[in-house]
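K.L.:
As given, the protein sequences belong to chains E and S, one line each in that order.
In terms of this note's numbering, the first sequence is residues 718 to 945.
In terms of this note's numbering, the second sequence is residues 167 to 572.
Check each hint, because a few of them may be wrong.
Far from chain S, some chain E residues (derived; all Cβ distances over 10 Å) [said to hold, decoys possible]:
#, residue
1, S733
2, E752
3, T783
4, R802
5, D803
6, A811
7, G864
8, T896
9, H920
Here are the simulated lysine-lysine pairs, DSSO-like style, with alpha carbons at most 27 Å apart [stated by the list, open to error]:
#, chain 1, residue 1, chain 2, residue 2
10, E, K923, E, K938
11, S, K566, E, K938
12, S, K395, E, K737
13, E, K839, E, K895
14, E, K938, E, K895
15, S, K566, E, K879
Think of the hints as simulated: they come from the structure by calculation, not from any bench.
This one's a predicted model, so the numbers in the text were calculated from it and none came from an experiment.
In this text, a Cβ means the ideal position worked out from N, Cα and C, and glycines have one as well.
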Amino acid sequence: MTNLIETRDLCRTFGSEETKVTALDHVSINIEQGEFTAIIGPSGSGKTTLLHLIGGLDEPNSGSVTLSGSNIADMSGNQLSDFRRDHIGFIFQAYNLIPVLSAEENIEYIMLLQGISAAERKKRVKEMLELVELDGLGDRRPSHLSGGQQQRVAVARAMASKPDIILADEPTANLDSKTGISLLDVMRDLNQKRKMTFVFSTHDEKIMDRATRLIYLRDGKVERDERK
Amino acid sequence: MLTFQIAFRNILRQKRRSLLTGLSMTGGYVLFVFGFSLLEGSYGNIIDIFTLDSTGHIQIHQDDYRDRPKIYKTIQNQEQIKVALTDNPEIKSFTPRVFSPALAYAGDKTAPSRIIGIDPVLEPTVSRLVQKVAKGTYFSTSPNPDGYYEAMIGRGLHIRLKLDVGDELVLISSGADGSIANDIFVVSAIIGNKTSFDRMAVYLPLVAAQEFLSLGDDVHEYALLVNDKDANETIARGLSAQLSELTVAPWQEVEATFYRTMQADKQGNYFSMGLITFIVFIGVLNTVLMSVLERTREFGVLRAIGSRPMQLVRLISLETFILAFISVMVGFLLILPFVYWFAEVGMLMPEPIDMGGIEFQHLKGEMSARVFWIPMAFILGTAVLISIPPGFRAARILPKEAMGSH
Ligand SMILES: Nc1ncnc2c1ncn2[C@@H]1O[C@H](COP(=O)(O)OP(=O)(O)O)[C@@H](O)[C@H]1O
Ligand SMILES: [Mg+2]
């Protein structure tokens, strides 16, 4: 197995001198291709910060993030935008679909950014909707979908660009536990059938059970790291 | 185009706000077009009054006759010039003229005057002289049964010399050959009013004037009208090259002072119209900025999933452009009938208005492509320009704004 993500001595602090908060404190982890990783920890333990740094949405104070062999810290501007577009899929806690676009169009948009042909886009949209079991709901706007359905569209959107890895920050936090578990099952399915690598954060016990790898964070440090 | 759809649907999303912004742009456009049309129409009106009174669109002289008129600075070779002017499809009509100062006598009264020799048939194709006949009848080329040629005199002479239609008038001047010229003419008409430029003029039939001044076949001036009066400067340049031994000048040069005053006046008016439109756009800027700030998270998402900052700038510009375009189109349909009516019928003002020293009372608009498209280009251009700062604001939104629970 190859290392897809490698973080080395990641440190991230917020604020200055007196109000300084250390969100991440020398975090070094490796995540391999095909893993289904949960980052676990109480609120304020640094989960979001870690996902930001891995996804190139934020810059560390020190340390490095290597994704598929490229050092994200070395990139900037458009390079980083393009890298996110082509290599990383995101799922957000609050779904964050584009409200004026239908489910299909939300999935299509990222492929448009990638310059994928119309025919290929259509084909993949259909395929993705089937994968997340939403066939037939493609023409609905987000406001006409339930939370669970919206989050599945978000999963489909993340998958559509064929990224190396999908990062999800508390993807089930806004869902009731039954819907949350079924979303996790969809993700797990994609992980197994499509060999998609997932890293998601959670503090929900039932969700953790589905993971194959558990990284426990506390006060910005890795407390425990176990594979099942 | 998905970007186009996003932009378009974002406009529909905040219906009331888009409506208000759109209406303010429609209002700006309508005002701009209407003001522009009336302004151009009025100037067109003034230019017509000015050029059709006597100047014409283009004048031809020998050498510097215009600045230093001397009786011997004449245009010869009439046939050659007439052929050149007749063959030019851009020239609508032309008329030859001769001029000379003269002393006018009637009974025991005398007054300095100016002879203007005109072709009675060609002159009405260029100027409104016929319409300016206030009393009597427009003259003909042939002498009357007693052998006297007819003359038409300005209102000023009519008053100074107590001279009326049917009376005899004696003119004394010097001929081109140095001889003393004097002859008797019969007044056939009184021309214009006390403020007309020709209030002290004596109009004579061209042949009579040429004979009186011993000019032979020569003339001092050709005044001409062109079909496309906006192109008169270009046409004048072409003619100048063709008639290289003569001096050809568009009316803008002939009446340079008037033209400069008018241009300055015009620029002032354009500036105020531009300013009004710009003020409208301060409101538009505010709306666009507000809508960007409200959508911070959305832009964060777009950035997170890989949109480049410039793509967001383009999206905002496109949204503003689409709204401006719709507004302008609505404005176009609204204002079209008004502009048409003002151009075709116009309005009679209760008081005459003074523009560039010329009074006129009939307010008319201009109906032309530029009256619509210049304000259109201005509004659309300003809309795009105004959307750039909010666009950059959106582009600066950090992708991590997309995360978190709020
Ligand atoms: N933008 C920020 N400014 C200041 N402090 C922050 C910021 N983001 C996170 N933090 C702090 O960093 C720590 C880790 O936060 P976070 O990564 O959001 O934790 P989690 O996602 O596990 O709840 C917290 O103490 C939080 O208050
Ligand atoms: Mg968090």
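K.L.:
A separate judgement is required for each hint: does it hold in the structure or not?
P.N.:
Hints, one by one, checked against the model:
Non-interface call for E:S733 relative to chain S: holds, since the shortest CB-CB distance, roughly 19 Å, exceeds 10 Å. The Cβ of E:E752 sits about 22 Å from the closest Cβ of chain S, beyond the 10 Å cut-off, so the non-interface label holds. Under the 10 Å C-beta cut-off, the non-interface status given to E:T783 relative to chain S holds; the minimum distance is some 19 Å. Taking the minimum C-beta to C-beta distance to chain S, about 2 Å, the non-interface status of E:R802 is violated against the 10 Å cut.
For E:D803, the requirement that its beta carbon stay farther than 10 Å from each beta carbon of chain S is not met, with the minimum near 7 Å. Remark: the non-interface label on E:A811 conflicts with the geometry, its nearest Cβ contact in chain S lying 6 Å away (cut-off 10 Å). Separation of E:G864 from chain S is adequate, the least Cβ-Cβ distance of about 13 Å exceeding the 10 Å criterion. The beta carbon of E:T896 is kept farther than 10 Å from every beta carbon of chain S, the shortest such distance being approximately 17 Å.
For E:H920, the shortest C-beta to C-beta distance to chain S comes to about 13 Å, beyond the 10 Å cut-off, and the non-interface label holds. Taken as a hint, the E:K923 and E:K938 pair is honoured in the structure, with Cα atoms around 23 Å apart against an allowance of 27 Å. For the proposed pair S:K566 and E:K938, the alpha carbon gap of about 21 Å is at most 27 Å, so the pair holds. A C-alpha spacing of about 76 Å is found between S:K395 and E:K737, which places the hinted pair above 27 Å, so the restraint is violated.
The straight-line distance between the Cα atoms of E:K839 and E:K895 is roughly 31 Å, outside the 27 Å bound, and the hint therefore fails. The hinted pair formed by E:K938 and E:K895 fails the criterion: a straight-line CA distance of about 31 Å is larger than 27 Å. Simply put, S:K566 and E:K879 have alpha-carbon atoms about 21 Å apart, close enough for the 27 Å limit, and the pair holds.
Comparing the model with each numbered hint stated earlier shows that hints 4, 5, 6, 12, 13, 14 do not hold.
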